[in-house]
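Asks: As they're listed, the protein sequences go chains P and B.
When you line the first sequence up against the numbering used here, it's residues 1 to 262, in that order.
When you line the second sequence up against the numbering used here, it's residues 263 to 572, in that order.
Please keep in mind that the hints were generated in silico from the structure rather than gathered at the bench.
It is possible that part of the hints are untrue.
Some chain B residues near chain P, calculated using beta-carbon distances under 7 angstroms [stated by the list, open to error]:
id : residue
1  : Cys310
2  : Leu312
3  : Pro326
4  : Tyr327
5  : Arg328
6  : Pro331
7  : Val339
8  : Ala345
9  : His347
10 : Gly364
11 : Arg368
12 : Gly528
13 : Val529
14 : Thr532
15 : Glu533
Simulated restraints on C-beta separations [to be verified]:
id : chain 1 : residue 1 : chain 2 : residue 2 : range
16 : B       : Ala390    : P       : Gly128    : 46 to 52 angstroms
17 : B       : Asp438    : P       : Val243    : 57 to 63 angstroms
18 : B       : Gln329    : P       : Leu242    : 50 to 56 angstroms
19 : B       : Arg368    : P       : Leu186    : 39 to 45 angstroms
20 : P       : Thr190    : B       : Ala390    : 29 to 35 angstroms
21 : B       : Leu547    : P       : Val254    : 29 to 35 angstroms
22 : B       : Asp438    : P       : Leu186    : 48 to 54 angstroms
23 : B       : Ala382    : P       : Leu57     : 40 to 46 angstroms
The C-beta atom is built at its ideal place from N, Cα and C for all residues, glycine as well.
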Amino acid sequence: MTTVSTAPEVTPGHRSGEHRPSLVRLTAVELRKLVDTRAGRWLLITIGLVSAVIVALLLVYAEAPEQNFTVFFTTALLPVGVLLPVLGILSITSEWSQRTALTTFALVPRRERVITAKLGAVVLAALGAVLSSLAFAAAGTAIAGATGGAGTWRIEGALVAHSVVFQVASVLMGAGFGLLLLNTPLAIVTYLVLPIIWSIVGELVRPLNRAAEWLDTGRTMEPLFTAEVTAGQWQRLAVSLLVWLVVPLVAGMVRTMRREVA
Amino acid sequence: MIAVHQLTKRYGRHTAVEDVSFHCEPGTVTGFLGPNGAGKSTTMRMICGLTPPTSGASTVDGRPYRQLPNPGRTVGVLLDASAQHAGRTGREALTVAASTMGVDRRRVGEVLDRVGLGTAAARRRVRAYSLGMRQRLGLANALLGDPRVLVLDEPANGLDPEGIFWMRGLLRDFADRGGTVLLSSHLLREVEAVADRLVVIGGGRIVAQGGKDELLAGAGTVVRARDGAALRAALHRAGLTVSEGSEGLLVGADTDAVGEVALTAGVALTELRPAGGGGLEQLFLTLTATASGPVVPATTIAEPTGEVVR
Chain P
1 MTTVSTAPEV TPGHRSGEHR PSLVRLTAVE LRKLVDTRAG RWLLITIGLV
51 SAVIVALLLV YAEAPEQNFT VFFTTALLPV GVLLPVLGIL SITSEWSQRT
101 ALTTFALVPR RERVITAKLG AVVLAALGAV LSSLAFAAAG TAIAGATGGA
151 GTWRIEGALV AHSVVFQVAS VLMGAGFGLL LLNTPLAIVT YLVLPIIWSI
201 VGELVRPLNR AAEWLDTGRT MEPLFTAEVT AGQWQRLAVS LLVWLVVPLV
251 AGMVRTMRRE VA
Chain B
263 MIAVHQLTKR YGRHTAVEDV SFHCEPGTVT GFLGPNGAGK STTMRMICGL
313 TPPTSGASTV DGRPYRQLPN PGRTVGVLLD ASAQHAGRTG REALTVAAST
363 MGVDRRRVGE VLDRVGLGTA AARRRVRAYS LGMRQRLGLA NALLGDPRVL
413 VLDEPANGLD PEGIFWMRGL LRDFADRGGT VLLSSHLLRE VEAVADRLVV
463 IGGGRIVAQG GKDELLAGAG TVVRARDGAA LRAALHRAGL TVSEGSEGLL
513 VGADTDAVGE VALTAGVALT ELRPAGGGGL EQLFLTLTAT ASGPVVPATT
563 IAEPTGEVVR
C-alpha cells in the first residue's frame with residue numbers, strides 16, 4: 001500500500017503510537033473507570049465505609065474482650081465480601097448497559113485484553129478493600145485500647161492471607177457472573193440468589209447435602225474466616241470455586257469474545 | 263484507506279448486508295448512503311471489528327481492523343453518539359480514551375476546542391448532553407488519536423444547521439490533508455455537499471457507487487411535455503426506461519437521445535434537462551419506499567465490479 005506517499009499531512013510516515021496498549025496501561029484505565037462515575041465511586045466508598053461502620057458498632061456494643069484487632073478485621077470481611085462481587089459485576093456489565101463497549105472494543109479490538117485488564121482492576125480493588133479493612137480494624141483497636149476494650153493487636157498472618165483469598169475469589173465470582181450474563185440486574189440477582197437457593201435446597205434434599213459440602217460456596221468459604229484451613233477444606237473450596245468462579249469466568253469470556261457489539 | 267470486500271452478514275434467515283464491496287481512498291470523503299435499516303451501520307460495525315461478518319472481509323490501512331495494534335491512532339470511529347457512559351463528564355470520557363491509546367492528555371483539551379465543546383460543557387456529565395453535543399463529543403473522540411481514517415455513522419444527526427455546516431468543513435479539511443473519510447447518512451442532501459464519492463445501499467445491497475459528479479450526471483434526463491402521455495408512449499417505443507419524477511418524466515438516457523425521440527414523435531417539449539441530483543434522489547426515494555432491492559433507473563447503477571478492491 002502506498003498510503004504514505006499519497007497522504008502527506010494526515011499520514012505522517014511513522015508514528016509513535018503504533019504499538020498496542022500494554023496490559024498495565026489497560027488495567028490503569030479500568031481502575032480509573034471504577035472510580036470516575038458517581039455510582040462507581042460511591043460503591044467503592046461504601047465498601048470502605050462498611051468496615052468503618054462494623055468497627056464502630058463493635059466498639060459500642062461488643063464485650064470488652066471481643067474488642068480486638070482480629071475480631072474487628074474478621075467481622076467486616078463478610079459484608080465487604082457481599083459488596084465486592086457487585087463491583088466485579090458492574091465493572092463488566094456497565095460496558096454493555098451504558099453501551100461504552102462500542103468505544104472500548106473499537107479502541108482495543110482484542111477483547112480478551114480488556115477483560116484481563118478488568119479482572120486485574122477488580123482484583124486490585126479487592127486487595128484495596130482488605131487493606132482498608134485492616135486500617136479500620138487498626139483504628140478500632142487503638143480506640144478500644146483507649147476506651148477500655150481489650151485492644152489486643154495479635155492477628156494470625158494466615159488469617160489475613162485467607163481473607164485475601166476470600167475477597168479476591170468473591171470479586172472474581174462477581175466478574176464471572178457479569179461476563180456470563182452481561183446484564184447488571186440479572187447478574188446481581190443471579191449472583192446473590194443462586195447460592196441462597198443452593199443452600200436451602202442443599203439443606204432440604206438429603207442426597208444433595210453431601211454435594212453441597214463441596215459446591216455451596218457459603219459453606220466452603222467459611223473456613224477462610226479462620227486462621228486454620230485443612231487440606232480437605234482447601235479441596236472443597238477449590239471444587240466450589242471451579243464451579244462458581246472458573247466455569248462462569250471461562251464461559252463468560254467466550255461469550256464476551258463472540259458477542260456482537262451494537 | 264478502507265477496503266471492503268464482499269461483506270455479508272446474516273442473522274438467521276434475515277440478510278442484513280449482502281456482498282457489499284467498496285473502497286475509500288485517502289484524500290476523499292465517501293458518503294455511505296441508504297435509508298434506515300439498509301445495512302449501513304452493520305457494514306460499519308463489521309469494518310470496525312465489532313460485528314463478525316458471515317463472510318467477506320475488510321481492511322483499514324491495509325490491515326483487518328482487529329489486527330491494528332492501536333486502532334485509535336489509525337482510525338477514528340464514531341458509530342453511536344449515545345454510546346457514552348451517562349455518568350462520566352465529557353472530558354472524562356475523552357481522558358479514558360486518551361489513556362487507552364496512550365495519547366497525551368493535552369490532546370483532550372485540543373479536540374474539545376476543535377469540536378466546540380467549551381470548558382463548561384466538557385465538565386458536565388454526558389447524561390445532560392443534547393444529541394448534538396454528544397455528536398460533537400463523539401467526533402472529538404474519533405479525532406483524539408490523530409487518525410488518518412474516519413468512520414462516522416450518521417454524524418450529522420442532532421446537529422443544528424450551523425453544526426452540520428461546521429462538520430462539513432471539518433471533514434473536507436481532514437480529507438484535503440490526505441485523510442480518508444467514510445460517513446453514512448440517510449439524507450442525500452447531507453452528504454452531497456461534502457462527499458467526493460457515493461456508495462448507495464438499499465436492502466443490504468449496494469445499488470450504486472461511484473464519483474459523486476459521475477453519479478449525479480449519469481442520473482438521466484428530466485423531460486416534460488404538455489402531452490405527457492404521448493411523450494411517455496414515444497419514449498417507451500424507443501426502448502428507454504421511463505419513470506415518473508417529481509418534476510416530470512425521468513428518463514434513463516441523455517438529453518440528446520430524449521430530444522431526438524421527442525422530435526421524431528412530434529411532441530412539443532416544455533422542459534428538457536439533465537436530471538442532476540434529482541435522479542439520484544429519485545433512486546433514493548425508490549429505495550426508501552421499497553427498501554427491497556435495486557428498482558432503479560439503469561444508468562445510475564455504477565458497476566461495483568469496475569473497481570479493483572484491494
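Asks: Now look at each hint and say whether the structure bears it out.
Replies: Cross-check of the supplied hints:
Interface hint status for cysteine 310 of chain B: upheld, as the beta-carbon distance to the closest one in chain P is roughly 5 angstroms, under 7 angstroms. Proximity of leucine 312 of chain B to chain P holds as hinted, the smallest CB-CB distance being about 4 angstroms (cut-off 7 angstroms). Among the interface hints, the one on proline 326 of chain B is violated; its C-beta lies about 9 angstroms from the nearest C-beta in chain P, farther than the 7 angstroms criterion. A cut of 7 angstroms between beta carbons decides the hint on tyrosine 327 of chain B: the least distance to chain P is about 6 angstroms, and the hint holds.
Given the 7 angstroms rule on beta carbons, the hint for arginine 328 of chain B holds: about 4 angstroms separates it from the nearest Cβ of chain P. Taken as an interface hint, proline 331 of chain B checks out: its beta carbon lies about 4 angstroms from the nearest beta carbon of chain P, inside 7 angstroms. With a least beta-carbon distance of about 5 angstroms to chain P, the hint placing valine 339 of chain B at the interface is held under the 7 angstroms criterion. The restraint placing alanine 345 of chain B at the interface with chain P holds, with a minimum CB-CB distance near 4 angstroms, inside the 7 angstroms limit.
Restraint check, histidine 347 of chain B versus chain P: the minimum CB separation of about 4 angstroms is within 7 angstroms; hint holds. Because the beta carbon of glycine 364 of chain B sits about 6 angstroms from the nearest beta carbon in chain P, less than 7 angstroms, this interface hint is met. With a cut of 7 angstroms, the hint placing arginine 368 of chain B at the interface with chain P is violated, because the nearest CB-to-CB distance is about 14 angstroms. Because the smallest distance between the Cβ of glycine 528 of chain B and any Cβ of chain P comes to about 54 angstroms, over 7 angstroms, the interface hint for this residue is violated.
At about 50 angstroms, the closest approach between the beta carbon of valine 529 of chain B and any beta carbon in chain P exceeds 7 angstroms, and the interface hint on this residue is violated. For the restraint placing threonine 532 of chain B at the interface with chain P, the shortest Cβ-Cβ distance is roughly 48 angstroms, beyond the 7 angstroms limit, so the hint is violated. Taking 7 angstroms as the C-beta cut-off, the interface hint given for glutamate 533 of chain B is violated, the closest approach to chain P being about 43 angstroms. Between alanine 390 of chain B and glycine 128 of chain P the beta carbon distance is about 31 angstroms. The supplied range of 46 to 52 angstroms is therefore violated.
Between aspartate 438 of chain B and valine 243 of chain P, the C-beta spacing of about 60 angstroms keeps the proposed range 57 to 63 angstroms intact. Between glutamine 329 of chain B and leucine 242 of chain P the Cβ separation comes to about 34 angstroms, which falls outside the hinted range of 50 to 56 angstroms. Checked against the given bound of 39 to 45 angstroms, the beta carbons of arginine 368 of chain B and leucine 186 of chain P, roughly 41 angstroms apart, stay inside it. Between threonine 190 of chain P and alanine 390 of chain B the Cβ separation comes to about 33 angstroms, which falls inside the hinted range of 29 to 35 angstroms.
At about 45 angstroms, the beta-carbon gap between leucine 547 of chain B and valine 254 of chain P misses the expected band of 29 to 35 angstroms. Checked against the hint of 48 to 54 angstroms, the pair aspartate 438 of chain B and leucine 186 of chain P passes, with Cβ atoms roughly 49 angstroms apart. Taken as a hint, the range 40 to 46 angstroms holds for the pair alanine 382 of chain B and leucine 57 of chain P, whose Cβ atoms sit roughly 44 angstroms apart.
Checked against the numbered hints given earlier, the structure breaks hints 3, 11, 12, 13, 14, 15, 16, 18, 21 and satisfies all the rest.
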